[in-house]
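Asker: Chains as they are written, first to last, in the working numbering: chain A, 1 to 98; chain B, 1 to 145.
Since the hints were made in silico from the structure, they are not lab data.
A portion of the hints provided could be inaccurate.
Residues from chain B shown here face chain A by an in silico Cβ test under 7 Å; the list is partial [what the hints assert, rightly or not]:
{"no.": "1", "residue": "GLY53"}
{"no.": "2", "residue": "THR90"}
{"no.": "3", "residue": "SER93"}
{"no.": "4", "residue": "ASN134"}
{"no.": "5", "residue": "ASP135"}
{"no.": "6", "residue": "ASP137"}
Reference listing, derived: stretches of chain B covered by chain A, where coverage requires no fewer than 3 residues with Cβ under 8 Å from a Cβ of chain A [what the hints assert, rightly or not]:
{"no.": "7", "stretch": "65–77"}
{"no.": "8", "stretch": "83–89"}
Note that the Cβ used here is the ideal one computed from N, Cα and C, for glycine as well.
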Amino acid sequence: MLTIKFSPVRSDKGQLTASLAGKVLTVDGVAYDLDLVPDGATVEHDVLHGLTRTGDDFELTLILPHGAKAPEETRFPQPVMVTVDGDIDVPIFDEVVL
Amino acid sequence: MTKARDLSSLGSDTGALYTTGNAAYYNGVIASELAADFDPSVTPIMGAIIESGFNDNGSYTKFADGTLIQRLVYTASYGAGENITMTLPTALSTTALAWAGASVFPVTSDYSVTVAWVEDINTVRLRTQLASNNDIDVLVIGRWF
Chain A
1 MLTIKFSPVR
11 SDKGQLTASL
21 AGKVLTVDGV
31 AYDLDLVPDG
41 ATVEHDVLHG
51 LTRTGDDFEL
61 TLILPHGAKA
71 PEETRFPQPV
81 MVTVDGDIDV
91 PIFDEVVL
Chain B
1 MTKARDLSSL
11 GSDTGALYTT
21 GNAAYYNGVI
31 ASELAADFDP
41 SVTPIMGAII
51 ESGFNDNGSY
61 TKFADGTLIQ
71 RLVYTASYGA
81 GENITMTLPT
91 ALSTTALAWA
101 GASVFPVTSD
111 YSVTVAWVED
121 INTVRLRTQL
131 ASNNDIDVLV
141 IGRWF
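Could you put the whole structure together from the sequences, leaning on the hints where they help?
Answerer: Laid out in structure tokens, this is it:
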């Protein structure tokens with residue numbers, strides 16, 4: 001299982017995107033092979049902050065850019081537990097204008 | 001005359017905004033002259049708050065002259081001589097002249113932060129003196145453009 005925590009930062013970078021395929025995590029179009037992390041290790045990385053591995057369980061923190069009018073769910077995000085491959089549900093960048 | 005609304009000209013000209021003595025200048029225009037020509041219907045007051053907000057990392061206020069003030073609170077317990085890294089609620093545009101200060105609350109003489117500094121545009125770091133679980137209030141002043 002992959003646990004992703006988010007660290008919200010007001011920014012104009014736009015929506016964060018992430019997806020998982022096996023042990024390959026793709027963040028904003030860049031793929032990272034989590035399987036390279038040894039079991040029991042903690043790795044400091046510019047994108048995958050505080051990446052830790054315990055067996056097949058991984059935990060890390062991603063910077064979450066958000067707009068000036070982002071909803072509370074984005075500014076105070078909850079961790080997500082990823083158990084299946086595919087796009088990861090990331091809090092929205094800013095309010096949705098209908 | 002350059003109006004306060006025209007912030008784009010400040011983005012690439014760091015020398016455009018400065019003060020000399022008691023006179024405040026904005027793009028070379030004396031503030032009193034700017035005020036005389038000031039039309040509040042079309043021009044925001046110089047120094048006005050452009051944006052403020054908060055997220056899980058803290059709060060921030062962006063001022064029209066580029067000043068950015070951020071406040072963070074470290075609430076976890078910590079050890080003596082521990083280095084603490086905190087992500088800013090919004091990024092600074094530069095670390096030049098950026099300043100960080102910290103104090104422990106409630107204030108006691110035994111639990112202080114020896115130093116706080118801006119590590120990079122996204123990060124502030126602290127070094128604790130003694131172990132404690134008292135909150136650490138952090139203030140960062142810099143620029144957002």
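Asker: Give a verdict on every hint.
Answerer: Do the hints match the structure? See the list:
Among the interface hints, the one on B:GLY53 holds; its C-beta lies about 6 Å from the nearest C-beta in chain A, closer than the 7 Å criterion. Hint status for B:THR90: holds, given a least beta-carbon distance of 4 Å to chain A, under 7 Å. Among the interface hints, the one on B:SER93 is violated; its C-beta lies about 12 Å from the nearest C-beta in chain A, farther than the 7 Å criterion. Because the beta carbon of B:ASN134 sits about 23 Å from the nearest beta carbon in chain A, more than 7 Å, this interface hint is broken.
Taken as an interface hint, B:ASP135 does not check out: its beta carbon lies about 18 Å from the nearest beta carbon of chain A, beyond 7 Å. For B:ASP137, the shortest C-beta to C-beta distance to chain A is roughly 19 Å, which exceeds 7 Å, and the interface hint is violated. Counting residues of the stretch 65–77 of chain B whose C-beta sits closer than 8 Å to any C-beta of chain A gives 0, which falls short of three, so the coverage hint is violated. Coverage of the stretch 83–89 of chain B by chain A holds. Counting CB-CB distances below 8 Å, 3 residues qualify, and the rule asks for three or more.
Of the hints listed earlier, those the structure fails to meet are numbers 3, 4, 5, 6 and 7, in rising order.
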